[in-house]
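Q: Input sequences plus hints: build the corresponding full structure.
Mapped onto the working numbering, the consecutive letters of the sequence shown carry residue numbers 1 to 248.
Treat the hints with care, as some may be off.
[As the list claims (entries may be wrong)] So the derived label-pair ranges between C-beta atoms look like this:
1) Lys50 with Arg93: 35 to 45 Å
2) Glu157 with Lys216: 15 to 25 Å
3) Glu181 with Ala248: 30 to 40 Å
4) Ala24 with Arg185: 48 to 58 Å
5) Lys50 with His194: 24 to 34 Å
6) Ala24 with Asn115: 39 to 49 Å
7) Gln44 with Lys206: 15 to 25 Å
8) Leu8 with Leu37: 15 to 25 Å
9) Lys50 with Ala24: 30 to 40 Å
10) Tyr38 with Lys153: 15 to 25 Å
11) Ser171 with Arg93: 16 to 26 Å
12) Lys224 with Lys153: 12 to 22 Å
[To be verified] List time: in silico SDA-like cross-link candidates among lysine to any residue, alpha-carbon distance up to 25 Å:
13) Lys190 with Ile230
14) Lys178 with Ala131
15) Lys167 with Ala88
16) Lys167 with Glu232
17) Lys190 with Pro246
18) Lys153 with Leu37
19) Lys206 with Lys153
20) Lys224 with Glu181
21) Lys153 with Phe188
22) Lys167 with Glu181
23) Lys224 with Phe188
24) Lys153 with Asn116
25) Lys137 with Ile202
26) Lys167 with Thr244
27) Lys167 with Val247
28) Lys167 with Met218
29) Lys137 with Ser101
30) Lys198 with Phe163
31) Lys178 with Thr136
32) Lys206 with Gln196
33) Lys153 with Ile230
34) Lys178 with Glu232
35) Lys216 with Thr136
36) Lys178 with Gln219
None of these hints come from the bench; they were simulated from the model. Note that CB positions come from ideal geometry on N, CA and C, so glycine has one too.
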Amino acid sequence: DNAPITSLIIIIHPPFWRAPWFIALCVLLIAATLYGLYRYRISQLIRLQKVRNRIASDLHDDIGSALTHISILSELSKAGVPPSAETALFLDRISEEVASSGQALDDIVWSINSNNDTMEQTVARMRRYAAEVLETKVEKYLVDFDDRFAHRKLNMEQRRDFFLLFKEVISNIYKHSKATEVGIRVWFEKNRLHLQVKDNGIGFDKTRATERNGLKNMQARVEKWNGQFIMESEPGTGTQTIITMPVA
1 DNAPITSLII
11 IIHPPFWRAP
21 WFIALCVLLI
31 AATLYGLYRY
41 RISQLIRLQK
51 VRNRIASDLH
61 DDIGSALTHI
71 SILSELSKAG
81 VPPSAETALF
91 LDRISEEVAS
101 SGQALDDIVW
111 SINSNNDTME
121 QTVARMRRYA
131 AEVLETKVEK
141 YLVDFDDRFA
151 HRKLNMEQRR
161 DFFLLFKEVI
171 SNIYKHSKAT
181 EVGIRVWFEK
191 NRLHLQVKDN
201 GIGFDKTRAT
211 ERNGLKNMQA
221 RVEKWNGQFI
231 MESEPGTGTQ
241 TIITMPVA
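A: Right under this line is the structure:
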């Protein structure tokens, strides 16, 4: 009964994956991996922007130079060939096509260049285009844009579609409306981009609208972005166009 009590101390070390140093190492490795992926993504975006800018520069220099050369040759041909109504008409058509191609090229170069991704640059181009087309055609026009959204960005394709829609609306006003006043408004609301263009022209009967107005193409371009296209018009009441697009 008086035998000594023997005690045995057993120490069980936890497995290494439960050790604080191993947990800290795992956290460090995960953080380093995430940081590496982030840096890789940033480098890819920078590389993409450089490619876009280089393509824009090459298009402008190479194709732009070729179109200018064709235009010069056309003008020289007019001066060097015997007068002929048919020849003059043909050369005028060449000049018109070159001018149209040059404008299309300019639009592509602008849309590719990453420096133009902000709404500030988009609206600035819209203002320039409106001035070129409307200043000699209407008595008054106004472009209204909320500068709070100046640094909001659109992706390249959506920005190009938005500007081309605007060009089509302004072109229709120039060709068909006989308007004296045009109001243009661009704004954001709940992650949706809105464009409203209203004129006081002669209007038209939408039930008799032809393809010359490009309405079907405009509708398709807006629906591509799950947007909404509304054109309100009646003979003698002017026309109002409203375009809405969701923006990420």
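Q: Against this structure, judge whether each hint is valid.
A: How the hints compare with the structure:
1. The hint said 35 to 45 Å for the Cβ distance between Lys50 and Arg93, and at roughly 39 Å that hint holds.
2. For the pair Glu157 and Lys216, the supplied restraint of 15 to 25 Å holds, since their beta-carbon distance comes to about 20 Å.
3. The hinted range of 30 to 40 Å is satisfied by Glu181 and Ala248, whose Cβ atoms lie roughly 35 Å apart.
4. Roughly 57 Å separates the CB atoms of Ala24 and Arg185, a value that falls within the hinted 48 to 58 Å.
5. Checking the proposed 24 to 34 Å range against Lys50 and His194 shows it holds: the Cβ atoms sit about 33 Å from each other.
6. Checked against the hint of 39 to 49 Å, the C-beta distance between Ala24 and Asn115 comes to roughly 44 Å, which is consistent with it.
7. A C-beta distance of roughly 46 Å is found between Gln44 and Lys206, which places it outside the suggested range of 15 to 25 Å.
8. Between Leu8 and Leu37 the Cβ separation comes to about 51 Å, which falls outside the hinted range of 15 to 25 Å.
9. For Lys50 and Ala24, the hinted distance range of 30 to 40 Å is satisfied, since their beta carbons lie about 39 Å from each other.
10. A hinted range of 15 to 25 Å holds for the C-beta pair Tyr38 and Lys153, which are about 19 Å apart.
11. A hinted range of 16 to 26 Å holds for the C-beta pair Ser171 and Arg93, which are about 19 Å apart.
12. With their beta carbons about 19 Å apart, Lys224 and Lys153 fall inside the hinted range of 12 to 22 Å.
13. Of the pairs offered as hints, the one joining Lys190 and Ile230 holds, with about 19 Å between alpha carbons and a cut-off of 25 Å not exceeded.
14. This hinted pair checks out: Lys178 and Ala131 have alpha carbons roughly 16 Å apart, not beyond 25 Å.
15. For the hint linking Lys167 to Ala88, the alpha-carbon distance of about 29 Å lies beyond 25 Å, and the restraint is violated.
16. Between the alpha carbons of Lys167 and Glu232 the distance comes to roughly 18 Å, so the proposed pair stays at or under 25 Å and holds.
17. With a CA separation close to 9 Å, the supplied pair Lys190 and Pro246 stays within the 25 Å bound.
18. Note on Lys153 and Leu37: the hinted pairing holds, with a Cα-Cα distance of about 24 Å set against a maximum of 25 Å.
19. Pair hint Lys206 plus Lys153 does not hold up; C-alpha atoms about 34 Å apart against a cutoff of 25 Å.
20. Simply put, Lys224 and Glu181 have alpha-carbon atoms about 31 Å apart, too far for the 25 Å limit, and the pair is violated.
21. A hinted pair counts as satisfied when its Cα atoms are at most 25 Å apart, and Lys153 with Phe188 qualifies at roughly 12 Å.
22. Distance restraint check for Lys167 and Glu181: the Cα-Cα separation of roughly 17 Å lies within the 25 Å cut-off, and the hinted pair is therefore satisfied.
23. Restraint check: the Cα-Cα separation between Lys224 and Phe188 comes to about 19 Å, which is no more than 25 Å; the hinted pair holds.
24. Taken as a hint, the Lys153 and Asn116 pair is honoured in the structure, with Cα atoms around 9 Å apart against an allowance of 25 Å.
25. Among the hinted pairs, Lys137 with Ile202 is consistent with the structure: their alpha-carbon atoms are about 14 Å apart, no more than 25 Å.
26. With a CA separation close to 16 Å, the supplied pair Lys167 and Thr244 stays within the 25 Å bound.
27. Restraint check: the Cα-Cα separation between Lys167 and Val247 comes to about 20 Å, which is no more than 25 Å; the hinted pair holds.
28. A C-alpha spacing of about 11 Å is found between Lys167 and Met218, which places the hinted pair at or below 25 Å, so the restraint holds.
29. Restraint check: the Cα-Cα separation between Lys137 and Ser101 comes to about 23 Å, which is no more than 25 Å; the hinted pair holds.
30. This hinted pair checks out: Lys198 and Phe163 have alpha carbons roughly 17 Å apart, not beyond 25 Å.
31. Using a Cα cut-off of 25 Å, the hinted pair Lys178 and Thr136 holds, with the two alpha carbons roughly 12 Å apart.
32. For the hint pairing Lys206 with Gln196, the CA-to-CA distance comes to about 18 Å; that is within 25 Å, so the pair holds.
33. Our distance criterion of 25 Å between C-alpha atoms is met by Lys153 and Ile230, whose separation comes to about 24 Å.
34. Simply put, Lys178 and Glu232 have alpha-carbon atoms about 16 Å apart, close enough for the 25 Å limit, and the pair holds.
35. Of the pairs offered as hints, the one joining Lys216 and Thr136 is violated, with about 28 Å between alpha carbons and a cut-off of 25 Å exceeded.
36. Of the supplied pair hints, the one linking Lys178 and Gln219 holds, its CA atoms being roughly 23 Å apart against a limit of 25 Å.
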